[in-house]
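Letter by letter, the chains look like this.
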Amino acid sequence: MAEREKILEIKNLCMEFPVKRREKLKALNNVTFDIYKGENFGLVGESGCGKTTLGRTIIRLYNPTSGEILFNGRSISGKLNKDTRKYVTDNIAMIFQDPISSLNPRMTIQEIIAEGLSIRGIKNKEEQRRMVVEILDKVGLLPEHAARYPHEFSGGQRQRIGIARALILNPSFIIADEPVSALDVSIQAQVIKLLLEMKKIMGLTILFIAHDLSVVKYFSDRIGVMCKGQLVELGDADEVYKNPLHPYTRALLSAIPEPDPIREKKKKRLYYDPQIHDYSKESPEFVEITPGHFVYGSPSEIEQYRIDLKEGINIFN
Amino acid sequence: MTLYEDNKELYDSIPAEKFKRVERDEAIHDAKFQTKPICFLKDVWLRFTKNKASVCAAIVILIIAVLAIFGPGMNRFKYDEQYPDRVNMPPKIPAIANLNLGIFDGGYVLKNRQYDSISDTTKYPNDCIINVTNPQVVNGVRMVDVEVDYYKYLGISDDECYWFGSDYLGRDIWTRLWRGARMSLIIAVVSVACNVVIGLLYGSIAGYYGGTVDMILMRITEILNAFPRIVIVTLFVMVAGTGMFSIIMALIIKDWVPTARMIRSQFYRFKGSEYVLAARTLGVRDMALIFRHILPNSMGPIITSSMIAVPTAIFAESFLAYIGLGLQAPETSIGVMLSQGQKVLLHYPTQVVFPAIVISLLMISFNLFGNGLRDAFDPTLRGAE
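From first to last, the protein sequence lines are chains A and B.
Every letter in the first sequence is one number past the one before it in our numbering, and letter 257, counting from 1, is 257.
Every letter in the second sequence is one number past the one before it in our numbering, and letter 331, counting from 1, is 648.
Hints were generated in silico from the structure; no laboratory data involved.
There may be inaccurate statements among the hints.
[As the list claims (entries may be wrong)] Taking lysine to any residue pairs in the SDA-like style, the calculated list, with each CA pair at most 20 Å apart, reads:
#1 A:K20 / A:R60
#2 A:K228 / A:R250
#3 A:K228 / A:F33
#4 A:K82 / A:E46
#5 B:K349 / A:K200
#6 B:K349 / A:Q190
#7 A:K11 / A:K228
#8 A:K86 / B:G600
#9 A:K268 / B:D323
#10 A:K82 / B:F350
#11 B:K325 / A:K200
#12 A:K82 / B:R597
#13 A:K82 / B:D603
#14 A:K267 / A:L253
#15 A:K123 / B:G600
#16 A:K138 / B:F350
#17 A:K200 / A:K267
#18 B:K440 / B:V461
#19 A:K86 / B:V461
#20 A:K11 / A:S75
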């Protein structure tokens, strides 16, 4: 892969939540990866594997336990001072999963979208109004919708309002935390198309968090697979789909339903058993197995993955 | 993908121009809403008026409030005017007495009177007798119970009637009742307002910051809650003296704790919600988060609980008055009147009945009104009936 500008670098990021006294839940365990400027990075994994935590840690809703986050080369981990906080909120925006609970029911759409503007010193009501109408038009809503309350809108419309709120500040990086998983399929397509269009117009970089693999494949340039707070495989979308190496990735891919009933019946479902890894003798590492394709494993496992790769694997039968 | 790989030859043999794009490329655009936009307060009003019970409650509260303001000035008596010759008079309203309904007719039963003297106009002035009952013979003398119009019996003219009767010092109960309701309402509303303000500040700090701050603040409230109220109030009245101020203080001193707890729990409920997180990702400051995002959404429970706290405070004030820690005479409150009326309950029940009716109406109405307000303030309940 050619040298591309990195917009986000994450190094050995760890995030722990205290569960009880002296007991901690490791939500993120040594996560390391980069996101390049202008790409769509898809993050997949089962529920509770830490995808959302990763997204929220990047935008600093949580304080990481250890590790480093660099945004455009500037460190945004550690203690936030006023300047860095402003830098983060100016440049990174987030789209939330639940279109119902992510909009304050007591505020009109105008107030919701313009909130970020007034924080950034655009206090003039006329100016705010103009910008809100403009962004509403971009996401396919009408100016008169600005005076409405969130409960008057449908799920897809609300998600578009959420997108408008994220985009009005002209961020360069967007974290989309399962933006379509609460919507039905026809609306999913609508929202994803809108996101891609916005990306084209505004030159965005998107971190797309999802558990729906088909959506991620359609959307992403590169894919990271997470399992239990750990990034287990990372690579170009096509590469990961064609040559999944880590058993967890294989299990995930084997779970995609196929649109052909005969093949679907014949398909072998793979199950992932974390017990197969024996990390007592050798410690696992995140290794670049082919250019741009990383996988997590112990040296002997990596050896096996290389053989698999050479022989060409077909996980489905 | 696999379908294609399996039938490569078949699919490749189809000429490209036979394919048609199914996906439409037109931009999404929504239709205008058919309904008119409704502003928040109008919406609240619409939903509130739908609830008949709470509208009635609001009207009752309004009537009591108006009477509390203007009631004492509506007749010729003052709340502290004493008439030693007209004590414990029964209630009489001439207009109602003329209807012969048996109420507000100044009727009072004189027991065990000689039957023979009934016609004696020096003893029983002209048509003061309403009813004669219970004839019996005691020691050869015919005795009866005579119900008389007590005002005519004493020779008091109609325009000097006590509408709700008078108490043991001859003070007008109508005037004192509304004067008392006024005092009770002022004490209750002021103390509840103070409680809400204190509880709001305390609860929102504890709830928003959580962790150690929350732990320390909540332990303090628990210590405060552990003191028995009577002891605190007695000590307080000893130090500050009796009076409105010290009663209000006594109702504040530990009653803000439940409000603070309720608001704290509301903060815990909303501070993790996605719209608060979303606001934080936009860089909204703590104060704006508290006052713009979290508080408006917890307004429903706050309003309901403070509406329910008003009758509770009235009740607490009555209780204090009842045990003798209430307002100083001649000032009055509903509690003072109840405790005075209770002493003569068997002979002059009306002295208890009127304050009791007013306090009951206040309690029920404030509860219903609070519920109605909560429903009205919660847009998520729209169309849920």
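Right, here's what the structure says about each hint:
Straight-line distance between C-alpha atoms of K20 of chain A and R60 of chain A comes to about 23 Å, which puts the hinted pair past the 20 Å bound. This hinted pair checks out: K228 of chain A and R250 of chain A have alpha carbons roughly 16 Å apart, not beyond 20 Å. At roughly 16 Å between alpha-carbon atoms, K228 of chain A and F33 of chain A fall within 20 Å of each other, so this suggested pair holds. With a CA separation close to 35 Å, the supplied pair K82 of chain A and E46 of chain A exceeds the 20 Å bound.
For the given pair, K349 of chain B sits about 27 Å from K200 of chain A by alpha-carbon distance, which is inconsistent with the 20 Å threshold. Simply put, K349 of chain B and Q190 of chain A have alpha-carbon atoms about 18 Å apart, close enough for the 20 Å limit, and the pair holds. Restraint check: the Cα-Cα separation between K11 of chain A and K228 of chain A comes to about 17 Å, which is no more than 20 Å; the hinted pair holds. Between K86 of chain A and G600 of chain B the alpha-carbon distance is near 7 Å, which keeps this suggested pair within the 20 Å criterion.
Under the criterion of a C-alpha separation no larger than 20 Å, the hint pairing K268 of chain A with D323 of chain B is consistent with the structure, at around 17 Å. For the proposed pair K82 of chain A and F350 of chain B, the alpha carbon gap of about 42 Å is over 20 Å, so the pair is violated. For the given pair, K325 of chain B sits about 34 Å from K200 of chain A by alpha-carbon distance, which is inconsistent with the 20 Å threshold. Taken as a hint, the K82 of chain A and R597 of chain B pair is honoured in the structure, with Cα atoms around 14 Å apart against an allowance of 20 Å.
Taking the CA atoms of K82 of chain A and D603 of chain B, the gap is about 13 Å. The hint holds against a cut of 20 Å. Only pairs whose Cα atoms come within 20 Å are accepted, and K267 of chain A paired with L253 of chain A is accepted, the gap being roughly 11 Å. Of the pairs offered as hints, the one joining K123 of chain A and G600 of chain B holds, with about 15 Å between alpha carbons and a cut-off of 20 Å not exceeded. Distance hint between K138 of chain A and F350 of chain B is fulfilled; the C-alpha atoms sit about 18 Å from each other, no more than 20 Å.
Our distance criterion of 20 Å between C-alpha atoms is broken by K200 of chain A and K267 of chain A, whose separation comes to about 37 Å. About 15 Å separates the Cα atoms of K440 of chain B and V461 of chain B, which keeps this hinted pair within 20 Å; it holds. Annotation: proposed proximity of K86 of chain A to V461 of chain B is violated, straight-line Cα distance about 93 Å (limit 20 Å). For the suggested pair K11 of chain A and S75 of chain A, the alpha carbons sit about 11 Å apart, so the restraint of at most 20 Å is met.
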